[in-house]
Amino acid sequence: MDEARRAKTVDELAALVGGCVVGDRTVLINRVNSVASAAEGDITYVEDEKYFEAASTSRASCVIAPVGANVKAPCRIEVAKPKLAFALIAEVLHPPKRPEPSIHPTAVIAASADVALTAFIGPHVCIGEHSGVGVSTQIHAGASIGDSVTIGSDCVIHPSVVIYDNVSIGDRVILHAGVVIGADGFGYVRDEQGYHKFPQVGTVVIEDDVELGANTCVDRAALGRTRIGRGTKIDNMVHVGHNCDIGERVVIAAQTGISGSVIIEDDCVIGGQVGFGDHIRVQSGAIIGSKAGILPGKIVRPGVWWGIPIQPLDEYKRLNAHISRLPHVRQELKELTERVRMLENELRQNEE
Amino acid sequence: MDEARRAKTVDELAALVGGCVVGDRTVLINRVNSVASAAEGDITYVEDEKYFEAASTSRASCVIAPVGANVKAPCRIEVAKPKLAFALIAEVLHPPKRPEPSIHPTAVIAASADVALTAFIGPHVCIGEHSGVGVSTQIHAGASIGDSVTIGSDCVIHPSVVIYDNVSIGDRVILHAGVVIGADGFGYVRDEQGYHKFPQVGTVVIEDDVELGANTCVDRAALGRTRIGRGTKIDNMVHVGHNCDIGERVVIAAQTGISGSVIIEDDCVIGGQVGFGDHIRVQSGAIIGSKAGILPGKIVRPGVWWGIPIQPLDEYKRLNAHISRLPHVRQELKELTERVRMLENELRQNEE
Amino acid sequence: MDEARRAKTVDELAALVGGCVVGDRTVLINRVNSVASAAEGDITYVEDEKYFEAASTSRASCVIAPVGANVKAPCRIEVAKPKLAFALIAEVLHPPKRPEPSIHPTAVIAASADVALTAFIGPHVCIGEHSGVGVSTQIHAGASIGDSVTIGSDCVIHPSVVIYDNVSIGDRVILHAGVVIGADGFGYVRDEQGYHKFPQVGTVVIEDDVELGANTCVDRAALGRTRIGRGTKIDNMVHVGHNCDIGERVVIAAQTGISGSVIIEDDCVIGGQVGFGDHIRVQSGAIIGSKAGILPGKIVRPGVWWGIPIQPLDEYKRLNAHISRLPHVRQELKELTERVRMLENELRQNEE
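Residue numbers (numbering that gives the first Met the number 0), protein chains in the order written: chain A, 0 to 351; chain B, 0 to 351; chain C, 0 to 351.
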């Protein structure tokens with residue numbers, strides 16, 4: 000029933016992505032699937048030439064393929080960017096669950112909080128004083144929203160998310176389970192007795208269309224604000240320190256750690272397990288490989304970077320090649336030393 | 000009273016592990032302990048010869064020791080594998096807490112969910128539509144179980160665990176606090192405006208006897224499933240990306256990150272803080288050292304691996320030795336250059 | 000109203016930190032701020048000479064500056080350590096929120112638990128049998144406290160924190176959201192069938208004035224205890240394995256992982272994403288740089304350490320310089336080889 004309701008014809012799906020149908024345009028599609036696992040009623044896609052043959056014999060009812068590609072599936076949608084078309088079609092065939100607007104009776108919502116009538120507030124959710132929840136936003140079981148927090152419309156806040164006081168969240172933001180936003184930044188001043196907390200009285204701003212992976216943490220600014228820019232996507236267990244300014248459409252893979260006051264400009268791509276010292280500026284368009292390490296204060300120019308500490312990828316590769324030839328270098332040096340020794344002997348004999 | 004109830008004689012414990020008693024077999028034991036801290040009523044173990052002397056003078060009431068070992072404790076159980084025997088005896092002396100079957104009145108359980116009568120459901124737990132909880136399974140405070148989730152029997156789901164929709168969990172699975180299973184994988188397709196979500200409509204299968212450490216995350220497959228095989232043990236804060244297939248009896252230490260579509264075959268051992276690029280295959284029996292980094296698409300053969308990017312441990316060590324001799328190489332080169340210069344001078348003088 | 004209530008005169012603030020006022024001592028201050036963002040009513044600080052000029056023209060109502068520094072702001076507090084004074088003043092101007100003592104009706108507290116009358120227990124909190132909560136301690140929404148847990152006075156336990164059974168927490172401890180204390184350590188014994196759990200029946204002791212960052216995990220000892228010493232500060236997503244003994248006033252940055260039975264003595268400073276093998280001892284005063292890796296069993300002496308595996312910082316830098324000169328070394332070697340070849344030819348010709 001559910002499946003039937005969202006089924007679409009190949010024609011409808013082609014129209015959605017501006018594609019060209021080859022074959023029977025009335026075929027009904029109700030699911031996206033991979034080339035290998037697809038069955039009747041499924042749509043799949045192929046973009047890379049090396050999978051054209053597999054796609055040609057897929058049991059999918061329809062294959063999205065590049066325009067003019069040598070893909071022989073009997074029913075196809077041809078488009079310029081098959082993977083993108085597949086993603087857009089998936090949004091239609093598998094729309095995210097939209098629970099009915101409601102506030103669960105076990106939720107604890109402050110009297111001064113302002114929750115939109117169309118919001119969904121799950122069991123055991125907690126919303127503090129003067130906080131606001133926008134239209135059609137979902138807050139799932141056990142999430143805890145502090146005081147004076149603003150959450151926009153169409154957000155999905157998954158279970159056990161914690162948002163501290165005074166944080167601002169835009170529209171269409173997705174926070175996966177266990178995300179923590181606005182915990183104190185890590186800053187202390189030492190005296191003879193030990194450490195005093197440096198004030199952590201700033202805030203966090205998460206802009207529209209941001210997605211944060213499970214258990215990711217974004218710390219509150221010491222003074223001022225920590226910002227995650229519009230359309231930025233961050234994977235699981237990433238650490239964003241106090242006062243960072245992450246731009247728009249930045250992608251950061253899992254377990255990367257970003258120290259305080261780092262600026263990452265728009266459209267950067269950061270691998271997993273990267274480590275940033277504080278006060279780094281990554282310029283727009285830079286790509287940093289996984290496991291890289293960047294020293295505090297550095298300016299990272301556009302281009303591809305790699306290694307600890309980071310270097311341009313080309314240099315990194317060249318140096319790595321040199322390192323792997325080290326045994327050879329030592330052998331050459333040894334042989335050359337022997338030749339010099341023989342020359343010395345010879346000269347000495349000549350002189351005698 | 001509690002302690003008394005579970006006390007066992009040395010005889011009973013020896014029988015349990017197929018060991019041989021030397022000394023008084025009627026001594027009562029009620030606790031496992033270390034060689035150094037043990038007191039009356041405690042049992043301890045020794046396996047490594049260098050601790051035989053310490054074990055000989057331990058105040059433990061009984062020492063588990065290798066067969067025929069030179070351990071002089073007056074009461075001993077001799078077995079082939081003392082550490083294993085110690086672990087098995089600990090299971091009996093310190094059985095995990097088994098709360099009485101019950102459903103806490105603050106738990107929110109969907110009408111269509113099927114919870115076994117012998118299950119324990121703690122306070123503020125949430126269980127979604129069409130989900131099932133098996134016999135004797137415990138779900139502790141604040142855990143959140145989505146819709147259409149299957150959980151087997153004898154599982155322990157610790158507080159604040161989050162399981163998204165459609166995930167399947169086997170029998171005797173232990174999920175520590177803060178574990179997140181089934182959050183969306185990290186996949187996007189870029190167009191001019193920014194990033195579109197690649198469909199994350201697959202599922203996660205956690206097989207029998209798996210244990211996942213605190214705050215570990217296992218992502219949902221894009222299409223198909225992410226799998227953690229039977230008997231696999233994963234430490235804290237490990238990231239398992241979408242569509243990974245982790246085999247049986249794999250061990251993965253803390254903070255390791257595994258990108259999408261990685262296959263780790265049975266019986267592999269992975270250190271902590273290791274980083275995997277996507278589409279890697281680790282063949283059965285491979286051992287990967289802590290902090291290693293593995294490039295996307297690589298096939299890792301059986302053996303011991305180390306470094307960034309990984310190399311066989313022997314090669315890694317050899318190359319590291321070469322690197323540490325670099326200052327020496329440059330010195331040699333300098334000296335040799337001087338000798339060549341002198342030869343050249345000499346020859347020139349001879350010619351004059 | 001709130002702001003007005005905590006406003007202080009420059010005179011009062013100067014007295015608090017033992018500073019000397021230059022300018023109008025009756026000016027009212029109600030907020031700390033950065034040099035750049037400060038406005039009327041704000042106090043800021045400057046310590047580094049390169050910001051003296053900026054501080055001189057800041058719109059802050061008062062600037063904390065080093066004694067006798069060339070800072071021309073009309074109202075100043077001069078002290079020996081401006082940053083420390085700023086932190087102490089912030090504690091007064093921005094005291095942490097103190098919710099009224101209360102137990103939320105949705106909290107589930109065991110009959111045998113002992114909660115101080117002045118404690119704050121938030122919504123959906125769970126406290127187990129025989130646990131104790133000290134004077135003025137706050138436990139926020141959805142935190143889960145096991146059985147026989149002791150929590151001291153003036154602690155702040157943020158939302159979704161999980162504390163397992165038998166853990167002991169000192170006074171003035173701050174645990175940020177998602178912290179997990181006392182989950183089982185990662186230890187197994189293998190036999191033919193697979194892995195048996197090594198007993199994890201020890202405990203965890205968190206001493207006074209400790210602060211743990213969001214989603215950090217401290218594992219229970221196998222036998223004995225895991226300890227975090229007085230005044231130690233740990234950042235987000237740090238893993239502390241079973242039986243670790245972390246001393247007093249230690250600082251550990253985000254995402255560092257510490258294997259079992261590691262000892263870190265008092266006053267060490269550990270960077271982010273550092274990895275520790277098991278059974279390491281770090282001696283008091285050692286400083287370990289971010290992303291370093293330390294092999295099991297190592298003793299780390301006082302000093303600054305860096306790299307994988309760690310080396311003294313000086314050696315690390317020297318070796319890195321050598322590595323970066325590798326292309327040059329190979330060029331030199333090539334040239335020298337050519338010179339030797341020419342010498343050989345020459346000699347041969349001479350001989351003919």
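Accuracy of the hints is not assured; some may be wrong.
Each pair may be met inside one copy or between any two copies, as identical chains are not told apart.
[Unchecked claim] DMTMM-like mimics (lysine to aspartate or glutamate), calculated; alpha carbons at most 25 Å apart, straight line:
{"no.": "1", "residue 1": "Lys333", "residue 2": "Glu264"}
{"no.": "2", "residue 1": "Lys333", "residue 2": "Glu345"}
{"no.": "3", "residue 1": "Lys196", "residue 2": "Glu99"}
{"no.": "4", "residue 1": "Lys71", "residue 2": "Glu128"}
To be clear, the hints were calculated from the coordinates, so they are not data collected in a lab.
The hints, checked one at a time:
With identical chains, the CA atoms of lysine 333 and glutamate 264 are never at most 25 Å apart, being 50 Å at best within one copy and 44 Å at best between copies. In this homomeric assembly, lysine 333 and glutamate 345 come within 25 Å of each other (Cα to Cα) both inside a single copy, at 19 Å, and across copies, at 22 Å. Only between protomers do lysine 196 and glutamate 99 lie at most 25 Å apart by alpha-carbon distance; the minimum there is 23 Å, versus 44 Å within a single protomer. Proximity of lysine 71 to glutamate 128 under the C-alpha cut-off of 25 Å is found in neither arrangement, the shortest distances being 61 Å within a copy and 42 Å between copies.
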